[in-house]
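Enquirer: Throw the hints in and build the complete structure from the sequences for me.
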Amino acid sequence: MDSKFVPKLWVSLVCLFMMIGLIGLTAIAAPLRLQDKKPEQKPQMSKDEATAIDKVNKASGAEAKLKAAADYNKKFSKSSTRPKLADYVATQIGQVQDNNQKLKLSQEFTSVFPPEDADLIKPFLIEAYFTANKFDEALNESAKYLEKNPEDVPTLIQIAWTGATQMQKQAASPKLTQAAIQASAKAVELMESDKKPARMDDKTWSDYRNSWLWRLYQARGVLLISSDKAAAKESLEKAIGIEPAEPTILFTLGNFASNEYQSLAEQYQKEKKQELYDKALEKMDEAIDWMARFVAATNGNAQFKDVNQQVME
Numbered sequence: 001m002d003s004k005f006v007p008k009l010w011v012s013l014v015c016l017f018m019m020i021g022l023i024g025l026t027a028i029a030a031p032l033r034l035q036d037k038k039p040e041q042k043p044q045m046s047k048d049e050a051t052a053i054d055k056v057n058k059a060s061g062a063e064a065k066l067k068a069a070a071d072y073n074k075k076f077s078k079s080s081t082r083p084k085l086a087d088y089v090a091t092q093i094g095q096v097q098d099n100n101q102k103l104k105l106s107q108e109f110t111s112v113f114p115p116e117d118a119d120l121i122k123p124f125l126i127e128a129y130f131t132a133n134k135f136d137e138a139l140n141e142s143a144k145y146l147e148k149n150p151e152d153v154p155t156l157i158q159i160a161w162t163g164a165t166q167m168q169k170q171a172a173s174p175k176l177t178q179a180a181i182q183a184s185a186k187a188v189e190l191m192e193s194d195k196k197p198a199r200m201d202d203k204t205w206s207d208y209r210n211s212w213l214w215r216l217y218q219a220r221g222v223l224l225i226s227s228d229k230a231a232a233k234e235s236l237e238k239a240i241g242i243e244p245a246e247p248t249i250l251f252t253l254g255n256f257a258s259n260e261y262q263s264l265a266e267q268y269q270k271e272k273k274q275e276l277y278d279k280a281l282e283k284m285d286e287a288i289d290w291m292a293r294f295v296a297a298t299n300g301n302a303q304f305k306d307v308n309q310q311v312m313e
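Take the sequence shown: its position 54, counting from 1, is numbered 54 in the numbering used here, and each next residue is one higher.
Lysine-lysine pairs mimicking BS3-like chemistry, simulated, CA-CA at most 25 Å apart:
#1 K195 - K148
#2 K84 - K144
#3 K47 - K58
#4 K175 - K144
#5 K67 - K78
#6 K233 - K169
#7 K67 - K104
#8 K195 - K238
#9 K169 - K134
#10 K186 - K169
#11 K47 - K84
#12 K134 - K144
#13 K148 - K134
Just so you know, the hints here were simulated from the structure itself, not pulled from any lab data.
Expert: What follows is the structure, encoded as structure tokens:
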């Protein structure tokens with residue numbers, strides 16, 4: 001096997017691989033939005049408490065609802081309805097689009113409601129910290145939260161996804177990377193065993209799992225590329241098994257196969273063994289197959305136009 005047959009395309013596209021990889025991992029896995037229900041006004045409730053709850057329900061916007069809830073808690077913090085009210089307000093804060101406001105209101109929530117209600121807001125607080133790139137604060141809060149809620153899949157995915165995104169930007173700290181690898185492993189375990197979180201109904205969990213399992217495999221693959229290429233490849237192959245036309249994964253697997261081919265080709269040049277020759281040809285075929293699938297998946301996609309043309313050439 002002459003060394004001139006070693007393809008140079010993959011080497012020239014390393015920077016493009018990093019670019020298109022980010023396209024596949026731009027969205028953060030925000031905690032699932034649970035359907036919020038207004039706190040019930042039970043018949044045995046006093047008129048004053050019912051009026052206070054009504055003010056929370058009718059308040060416009062999360063900030064106003066939190067303020068009304070603070071007034072409620074001044075008189076009725078011991079009421080059995082308070083936890084439901086806290087859950088309702090936490091969910092309203094979680095739906096705030098402005099991240100700075102979400103972070104501010106999430107922090108204020110813990111001063112309005114007692115400590116036993118704090119976990120209701122923690123997933124949204126963690127999300128807001130991650131979105132604000134306050135990774136140390138996010139990891140500190142998530143560590144405390146997961147200690148009491150170790151099977152909270154959305155929070156685990158939040159950590160894994162953020163770590164993968166930062167790794168692709170070459171901006172992940174060792175602390176974030178390690179936390180993300182551990183979180184991805186736990187999340188994979190829970191999702192593969194179909195471990196439904198207590199607060200999700202069956203339909204919500206099924207939709208969430210179907211939407212996020214392949215993305216979780218993708219994130220884990222990215223996280224392991226530099227430390228365990230075999231495990232990274234296995235995870236990415238699981239992802240493409242679920243989402244067979246995802247371009248960034250196809251390209252990454254093609255890059256893996258090409259690198260393995262080049263290594264075998266170089267080894268053959270030194271040893272001239274038929275076994276190495278045959279293995280190298282197998283890897284070349286594998287690389288071509290992945291890239292052919294990549295081209296098919298990106299034809300007509302403006303986002304991948306330049307990469308598609310280079311791979312075609």
